[in-house]
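Q: Work the whole structure out from these sequences, hints included.
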Amino acid sequence: MTLPRVLLVNDHPTRGGIGRYTLELDYALRALDPPPVHVDLLLQNMPGPVNPRVWRSPDDARDGSTITVQPRPRWAKQTGFGSAYLLNSLLHFPRRVPSGYDLYHFSSQMMGAGVRHAAPAVVTVQDLIALRLGANHPGLSTWLRRRHFPFLRLAKGLIFASEYSRQDFLSTYDYPESRTSVVHHGVSPSIEPRDRGASRVALGIDLGRPVLLHVGSEERRKNVETLLDAIAMLVQERPDLLLLRVGGPSSRTRKRIARHGLERHVRYLPGLSEDQLVATYSAADIFVFPSYFEGFGLPVLEAMKAGCPVIAARATSVPEVTGDAAVLVEPMDAAALAGAIGALFDDPVRRAALAVAGMARAETFTWQRTARQTADAYRRALDAG
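Per the numbering used here, the sequence shown runs over residues 2 to 386.
Source of the hints: derived by calculation from the structure; they are not laboratory data.
Be careful, since some hints might not be right.
Stated by the list, open to error - Ranges between beta-carbon positions, derived for each pair: (1) Gly198 - Ala354: 17 to 27 angstroms; (2) Pro271 - Leu155: 15 to 25 angstroms; (3) Leu155 - Arg373: 21 to 31 angstroms; (4) Ser84 - Ala361: 16 to 26 angstroms.
Please read these numbers as outputs of a predicted model, since none were measured by experiment.
Just so you know, even glycine gets a beta-carbon here, dropped at the ideal spot from N, CA and C.
A: Structural data, given as structure tokens:
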């Protein structure tokens, strides 16, 4: 029997969240037995050379699938996620999607314009940040991001990373709910608890020092400033408290750190490999995620999988990910966040219970499940004609 041919299309950086989602989904779809579809991969708008081995090992070629890279035009290569990138995503690359496939799958709502040129199609809607938080990407950037959303109504199916995002979308656009599905992301099987002492030695952290961890960007929605305000309260009685920040600092948070005098309490860890990131999860006592707007919240899941107790915001999709396996607080209440952190530091029994509950919760989020549910969405789209 000839399998339906699906082209999985991604235009986000290969090390970012949507790039990782595409990579893991590609692997998992091709690992299903029996395979429900034949999957080829198209990487568009890449800022520089992409080694296909980063995405697929030589052994993966045995299924006859292909990987194609379409680099960003030379004039736009240094623009990152600025206006030139977004213009290419909106106007240039949708016309370069090859024909001849039974179905196209665009990995993000920021590729909605592709549905005009490649049909039938499904699109994964990761979040509605461009619609809800214009200040997160001010000016022309927000306008260009929003231009993709009306085209989503042309898709045969929409896959949402969370129920929260699905309901948010359906409250805004006239789109048949029967053609939507919620497919949660998985979490890498390589993430698992490691020896805390060895992990701390690798990072140069004293074994007895209380350590918080935050993973993510410093976009405003990530709410790092509220976290820093909470830490400023905590260090009054915990003078050796340390926050590990995986990611780079913004000028806004540098000023906040200086204002509170937290320079020796905050350490930035940019550019970590996945192996280093897992060690960092294992080195921390508590993972803190105060983001007030998420489409899913993968770092929360990774922390739970690594056995790190989680305190997170009671906001948008985050409770959908954590279930009952985390402490949830109001995102903008620094005092409540500080109180939750202090209480958890003082209660090792509860920390241990949260770690166990978090690991059990994370085990239900597998990429195999993501692939099977995505394949079901493909079948429904193909049956819709």
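Q: Each hint: holds or not?
A: Right, here's what the structure says about each hint:
Separated by about 21 angstroms at the C-beta atoms, Gly198 and Ala354 satisfy the suggested range of 17 to 27 angstroms. Here the CB-CB span from Pro271 to Leu155 is close to 39 angstroms, at odds with the stated 15 to 25 angstroms. With their beta carbons about 26 angstroms apart, Leu155 and Arg373 fall inside the hinted range of 21 to 31 angstroms. Taking 16 to 26 angstroms as the suggested C-beta distance range, the pair Ser84 and Ala361 does not conform, at roughly 45 angstroms.
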